[in-house]
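Protein sequence lines correspond, in order, to chains A and B. For the first sequence, my numbering begins at 87 and goes up steadily by one. For the second sequence, my numbering begins at 63 and goes up steadily by one.
Some clues are possibly wrong.
As the list claims (entries may be wrong) - Straight-line distance between alpha carbons at most 27 Å, and here's what the computed DSSO-like set of lysine-lysine pairs gives: (1) B/339 <-> B/282; (2) B/282 <-> B/421; (3) A/106 <-> B/72; (4) A/106 <-> B/339; (5) B/282 <-> A/228.
Unchecked claim - What follows is a list of derived Cβ distance ranges for each label pair: (6) A/181 <-> B/292: 55 to 61 Å; (7) B/68 <-> A/365: 55 to 61 Å; (8) B/339 <-> A/263: 55 to 61 Å; (9) B/140 <-> A/181: 57 to 63 Å; (10) B/284 <-> A/103: 33 to 39 Å; (11) A/173 <-> B/317: 42 to 48 Å; (12) B/288 <-> A/198: 35 to 41 Å.
Since the hints were made in silico from the structure, they are not lab data. Note that the structure is predicted; figures quoted are calculated from it, not measured. The beta carbon of each residue, even a glycine, is placed where N, CA and C say it ideally should be.
So you can see what is in the structure, the chains are spelled out below.
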Amino acid sequence: MSATDLVIDVTGVTKRFGDKTVVNAIDLSVRRGEIYGFLGPNGSGKTTFIRMLCGLLTPDAGTGTCLGYDVLTQQAEIKCQVGYMTQRFSYYEDLSIRENLDFIARIYAVPDRAAAVERSLVRLGLQNRSRQLAGQLSGGWKQRLALAACLIHSPKLLLLDEPTAGVDPKARREFWDEIHQLAADGLTVLITTHYMDEAERCHRLAYLAYGNLLTRGTLAEVLAAAKLSTWTVTGPALLELAAALRGRPGVEQVVAFGNTLHVSGRDAAKLEAAIAACRDPRHEWTRARSSLEDVFISLMDGAKDNFA
Amino acid sequence: MVLKEFIQMKRDRVTFAMMVGIPLLQLMMFGFAINSDPRHLPTALRCADQGPFARTFIQAMRTSDYFVIVRETAAEAETQRLLQLGDVQFVINIPVDFSHQLLRGERPTVLIEADATDPAATGPALAAVNALAGSVFNHDLPGPLARLQGKAGPVDFEIHAQYNPENITQYNVVPGLMGVVLTMTMVIITALAITRERERGTMENLLATPVRPFEVIVGKILPYIAVGYIQVTLILVAARFVFNVPMVGSLLLLYVVALLFIGANLAVGITFSTLAKNQLQAVQMAFFFFLPSILLSGFMFPFRGMPDWAQAVGSCLPNTHFLRIVRGILLKGNGLAEITPELWPLLLFLAVAMTIGVKRYRQTLD
Numbered sequence: 087m088s089a090t091d092l093v094i095d096v097t098g099v100t101k102r103f104g105d106k107t108v109v110n111a112i113d114l115s116v117r118r119g120e121i122y123g124f125l126g127p128n129g130s131g132k133t134t135f136i137r138m139l140c141g142l143l144t145p146d147a148g149t150g151t152c153l154g155y156d157v158l159t160q161q162a163e164i165k166c167q168v169g170y171m172t173q174r175f176s177y178y179e180d181l182s183i184r185e186n187l188d189f190i191a192r193i194y195a196v197p198d199r200a201a202a203v204e205r206s207l208v209r210l211g212l213q214n215r216s217r218q219l220a221g222q223l224s225g226g227w228k229q230r231l232a233l234a235a236c237l238i239h240s241p242k243l244l245l246l247d248e249p250t251a252g253v254d255p256k257a258r259r260e261f262w263d264e265i266h267q268l269a270a271d272g273l274t275v276l277i278t279t280h281y282m283d284e285a286e287r288c289h290r291l292a293y294l295a296y297g298n299l300l301t302r303g304t305l306a307e308v309l310a311a312a313k314l315s316t317w318t319v320t321g322p323a324l325l326e327l328a329a330a331l332r333g334r335p336g337v338e339q340v341v342a343f344g345n346t347l348h349v350s351g352r353d354a355a356k357l358e359a360a361i362a363a364c365r366d367p368r369h370e371w372t373r374a375r376s377s378l379e380d381v382f383i384s385l386m387d388g389a390k391d392n393f394a
Numbered sequence: 063m064v065l066k067e068f069i070q071m072k073r074d075r076v077t078f079a080m081m082v083g084i085p086l087l088q089l090m091m092f093g094f095a096i097n098s099d100p101r102h103l104p105t106a107l108r109c110a111d112q113g114p115f116a117r118t119f120i121q122a123m124r125t126s127d128y129f130v131i132v133r134e135t136a137a138e139a140e141t142q143r144l145l146q147l148g149d150v151q152f153v154i155n156i157p158v159d160f161s162h163q164l165l166r167g168e169r170p171t172v173l174i175e176a177d178a179t180d181p182a183a184t185g186p187a188l189a190a191v192n193a194l195a196g197s198v199f200n201h202d203l204p205g206p207l208a209r210l211q212g213k214a215g216p217v218d219f220e221i222h223a224q225y226n227p228e229n230i231t232q233y234n235v236v237p238g239l240m241g242v243v244l245t246m247t248m249v250i251i252t253a254l255a256i257t258r259e260r261e262r263g264t265m266e267n268l269l270a271t272p273v274r275p276f277e278v279i280v281g282k283i284l285p286y287i288a289v290g291y292i293q294v295t296l297i298l299v300a301a302r303f304v305f306n307v308p309m310v311g312s313l314l315l316l317y318v319v320a321l322l323f324i325g326a327n328l329a330v331g332i333t334f335s336t337l338a339k340n341q342l343q344a345v346q347m348a349f350f351f352f353l354p355s356i357l358l359s360g361f362m363f364p365f366r367g368m369p370d371w372a373q374a375v376g377s378c379l380p381n382t383h384f385l386r387i388v389r390g391i392l393l394k395g396n397g398l399a400e401i402t403p404e405l406w407p408l409l410l411f412l413a414v415a416m417t418i419g420v421k422r423y424r425q426t427l428d
């Protein structure tokens with residue numbers, strides 16, 4: 087893998103607001119054509135990190151490149167080749183769809199602007215509604231417009247900050263299909279999300295909590311690295327069982343999923359000992375694969391401990 | 063609900079400061095700065111008579127509160143120029159045989175030329191000069207000459223209210239309105255311009271694009287220059303056809319100068335826009351700027367009637383200079399040479415406001 091294949095390659099990126107460290111010495115490398123998922127609880131520094139990548143914020147420490155340009159000094163060059171979709175809809179509600187696209191195309195000095203806007207409208211499927219004001223669009227359509235707008239200048243890197251928040255499942259699925267298509271065409275995508283099903287659609291993942299990068303890698307790597315053992319149990323009186331399990335050494339999470347209980351912990355031996363103590367012939371215990379959510383909640387609990 | 067409003071008010075420091083600041087500002091201006099009976103008006107003297115009565119008369123003028131003789135000259139061309147530039151408010155012309163005529167009881171005529179563009183500034187002083195003449199010579203006219211005392215006054219005054227002979231207030235107010243209207247609309251519009259982008263969340267997107275601060279600011283300013291010109295035209299049309307304001311000077315020159323003034327106001331607005339956190343704050347800042355622009359600029363009250371500090375504040379405001387330029391061009395027919403002294407403060411203001419605006423505009427969200 088040559089260095090030019092790394093679209094994002096940063097080390098030690100740090101951002102402080104006052105005395106609060108929001109992003110703490112993060113290293114990240116993202117390859118060309120990769121969909122990189124950025125996960126973490128609210129306020130974990132995901133948005134701040136993305137803003138530093140696209141030149142909206144200046145890192146307090148750290149070095150690295152984005153698209154081969156220095157993130158500290160060549161922000162102007164980076165901006166020309168990055169498509170950034172903000173968390174909040176940030177196009178002009180009092181401009182029509184076409185006017186919004188045209189404005190963005192002008193700002194980026196897109197060659198053959200009229201054709202680019204037209205292509206973008208066709209891909210959106212909005213040719214007939216191009217005169218509609220952006221403010222009148224529903225959440226799902228606003229999101230599609232935003233995506234179209236940040237693709238209009240054919241960027242090489244797409245930074246998407248919670249693009250699917252508040253969007254219905256079907257629209258979300260279509261959105262992800264499009265992202266995969268774009269990545270297959272060579273676009274690199276860094277995307278933040280709270281949805282675990284979306285996280286599983288990323289090529290690689292990173293998990294951020296309180297400004298620290300807790301884990302990263304492919305889905306399988308993340309799951310393996312967590313070394314989390316999980317058991318599921320079905321049967322009667324699960325509520326009482328859950329109460330009995332909680333607080334026992336080795337038991338870290340007891341979560342009810344409908345009629346089953348997921349019990350997990352990082353120390354497999356201790357967990358099994360705890361389960362043995364609560365065994366009841368009416369219950370059926372099975373060893374299960376830990377879900378991404380189990381892993382992340384476990385990571386988050388661990389991170390909290392570090393901070394306390 | 064009431065509690066919530068108070069808590070929010072407390073959080074918005076700028077709004078809170080403005081709530082206290084604006085009444086204080088108004089108190090200062092209305093209470094101390096404004097004076098509808100302006101005194102100490104600069105006066106030029108053209109005295110062709112060396113006799114004792116002329117000296118007495120001049121002495122009396124000097125001791126009155128209304129006139130300050132700033133220039134004595136014999137050249138009529140110079141006095142005219144001083145009036146035109148607005149350097150003096152009055153020119154007092156004492157004729158050659160003033161003393162002789164007075165002694166002979168011939169009631170000599172003293173010609174007072176006044177810059178009457180602002181009737182409010184000249185009125186009280188002219189009233190005072192009439193009162194002055196009735197009594198000033200009493201002391202100097204003893205014995206047999208006492209017959210000249212009292213009566214209708216031993217001296218005749220001929221008053222030439224130049225530039226506005228009928229003392230029509232509209233001639234002064236309507237051209238002045240141009241500056242006031244432009245200040246109000248231009249500053250508010252641009253003060254909202256960037257704040258609105260920030261409030262609606264479109265700023266983040268704009269910052270993520272390669273657009274430069276200078277381009278954003280120029281892009282925000284240019285459309286409103288057109289708006290400003292529409293306003294200028296509207297006011298000129300109304301001035302001409304509704305109020306019959308004379309238009310002696312070059313309208314082209316006026317339009318060119320208006321560009322500077324519009325630019326200066328837009329730059330102020332942009333600067334406010336970069337300072338304000340929300341649209342309410344932006345409007346309040348604009349108001350804060352607007353108040354002195356009306357009250358201390360010489361629009362509502364004679365500039366020379368204000369105390370020195372208020373004149374100093376007024377001199378920093380672009381409207382003060384623009385008012386003089388507009389009145390000068392329209393009423394006096396001033397050309398580029400006459401308005402230059404008012405032009406450079408406008409230019410300076412524009413440069414400073416623009417620099418602050420561009421410097422304050424942040425390209426990042428830091």
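Does the structure break any of the earlier hints, and which numbers would those be? Going through the list in order, the structure violates hints 6, 8 and 12 and respects the others.
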